[in-house]
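Please model the entire structure based on the sequences and the hints provided.
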Amino acid sequence: MIVEFLLIGFILFFAAFAQGMTGFGFAMFSLSLLSFLMDINQAVPLAAMCGLVINLYLISRLKTHLDFTQIKNLIIGAVIGIPVGTYVLSIASPQVLKILLGIVILFFIFLSVAKFIKQTGINKKWGYLFGFLSGILGGALNTDGPPVLIYFYLQGFDKLKQKASITGFFIFTSIMVVTTHAVTGVTTRPIFMNFLTHLPFVIVGLLLGNYCFYKISGGFYNKIILGFLFILSLFMIFG
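Residue numbers in the sequence shown follow our numbering, run continuously in steps of one, and reach 262 at the last position.
Hints are computed from structural coordinates only; laboratory data are not their basis.
Treat the hints with care, as some may be off.
The calculated label-pair distances, taken between Cβ atoms and stated as ranges, are [as the list claims (entries may be wrong)]: (1) I254 - F195: 23 to 33 Å; (2) G242 - V209: 38 to 48 Å; (3) I145 - F195: 16 to 26 Å; (4) M61 - Q118: 22 to 32 Å; (5) F91 - L152: 17 to 27 Å; (6) E27 - L79: 21 to 31 Å; (7) S83 - K238: 11 to 21 Å; (8) P213 - T143: 49 to 59 Å.
Even glycine gets a Cβ: it sits at the ideal position worked out from N, Cα and C.
Below, the structure written as structure tokens:
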């Protein structure tokens, strides 16, 4: 039991460190490893509660850099896209959708690295489309992150505004998910107690990751985003 407790703690620590430094990645990193130690029905609500704590802390530190008009359109688009994604899931193969999404992300990375795509900023109205795509992916594959990361990457914001915007969007989805889990009974008392006992690991990882964030350059931060998208695309194509 002690070994399992520590393993879960270290997984949450490193996942929190990653999100503390970048503003994203906690769910993918933690769930991919927690699923080896516990049932996925326990891992998902545990990760969701940890993710909400992380997002609340990050937004409290970055709120002065948050432009709500940038995430408003994304949220509206996502709300519309989620039921569409749920319908798409009912008529299409999830595996085919993942492979197609992975290929699209790889193509975007190639265009970015080759400098065919520049971070010159795009009209805020594009947020509706990127949010809609995010909602579709969230409803169909529970993977709403890529369109949001790409949208803010294209905006060419400095790293503080970029991280604040990403966190601002994900805090909306975090609240929705945690609330739904609580209302529907997915989050049980044992899962909540497991969350509380592992919270110190999350907090320490979060604080260290956020500290490192302020030590890296904006250019390196953008490379981290592209690197994360690259890893995610490989998971989708070959996972």
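Hints violated by the structure (listed by number, smallest first): none
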